[in-house]
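As a plain string of letters, each chain reads:
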Amino acid sequence: MSPRAAWRLESLGFRDVYDYTVGKLDWLAAGLPTEGTNAQKPQAGGLARMDVPTCHLDERLTEVRQRAQAAGWNAAVAVNEERVVFGLLRAKELAGDGEQLISVAMRPGPSTFRPYVLAEEMAKAMLDHKLESTVVTTSDGRLVGLLLQSDVVPAAGSKSA
Amino acid sequence: MNSDALLFRPDDEVMSCCENVYEEWCPNSKLFGDAGQARRWGDQRGMSGRVMDPAEASRLGMSDWADVVQEVAMPKEIDREGLRRMVAAGAQLVEVLPAEEYAEDHLPQAISIPLRHIDAEGAKVLDKDRAVIVYCWDSA
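If you read the sequences in order, they're chains A and B. Using the numbering used here, the final residue of the first sequence is 161, and nothing's skipped along the way. Using the numbering used here, the final residue of the second sequence is 140, and nothing's skipped along the way.
Be aware that a few hints might be false.
Just some of the chain B residues that point at chain A, by a computed CB distance under 10 Å [unchecked claim]:
no., residue
1, Phe-32
2, Trp-41
3, Glu-56
4, Lys-76
5, Arg-80
6, Ala-103
7, Asp-119
8, Leu-126
9, Trp-137
Here chain A is said to cover these stretches of chain B; the calculated rule only asks that three of the stretch's residues, wherever they fall, bring their Cβ under 8 Å from a Cβ of chain A [claimed, not checked]:
no., stretch
10, 42-51
11, 130-136
Everything labelled a hint here was simulated from the structure, so no lab data went into it. Note that the coordinates shown come from a computational prediction; the quantities given were computed from them, not determined experimentally. The beta carbon of each residue, even a glycine, is placed where N, CA and C say it ideally should be.
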């Protein structure tokens with residue numbers, strides 16, 4: 001739609017017209033702020049816990065487990081230096097053989113959600129798929145945080161109330 | 001730059017002796033869709049020369065064609081970072097989706113002009129002397 005709009009403006013005598021072709025989806029998926037009625041509603045990005053422990057592929061599970069527990073977590077997200085998500089470790093993975101490298105211990109390629117998804121949609125998806133937690137990333141795969149079912153369900157409920 | 005726009009440029013000696021031929025090259029009226037068409041136009045007038053696009057003609061110093069380059073300039077794609085820079089520098093930002101979608105979510109500083117309302121009347125809220133960036137949902 002926007003290419004037609006851009007050309008139409010050209011036809012009306014506008015000389016300097018640009019088309020942000022990837023559009024609103026690209027903006028939202030990058031976790032950037034918007035204005036409007038949805039911006040007032042709770043969304044995945046705002047509810048995700050940004051303090052979730054992270055780890056690298058070449059770390060030993062035992063170190064990561066200790067770090068996570070010390071921070072009061074039973075989950076950790078495996079990322080690279082750019083915070084691009086490679087894997088997720090929930091309680092089950094964290095309980096594995098401590099000598100393993102994270103690259104072996106983690107659940108690779110976890111499904112991720114974008115920050116703009118509304119809490120009500122997230123709550124439904126997480127309940128339907130019995131997900132206790134899920135990773136929220138920007139469209140380029142960078143970690144925003146870990147979204148907990150225990151955070152999103154009440155937030156979704158308060159919205160519909 | 002619209003790659004479909006081509007022109008036939010007569011050789012210099014033809015140009016210099018045929019004022020009226022040059023005049024016939026009114027911007028916009030002698031742009032051709034393909035090279036064969038442009039060449040035939042030259043052939044029919046018995047002129048030697050070659051086919052080029054207005055940008056090249058403009059580079060060769062044919063100032064009249066600078067306007068044509070402007071005239072056929074197509075909208076330019078812009079990415080997220082470019083958009084942020086341009087809006088910060090004063091560019092106008094327009095969401096062309098239906099107004100209900102704009103009401104739900106829009107980029108900061110965007111105004112709403114749904115595609116169907118982009119006409120001489122609808123565009124009055126925009127300043128023609130400043131850059132305009134349009135967007136919709138995605139590129140699909």
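| task | Return the numbers of the hints above that this structure violates; sort them in rising order. | result | As far as the earlier hints go, 1, 2, 3, 10 are violated by this structure, in ascending order.
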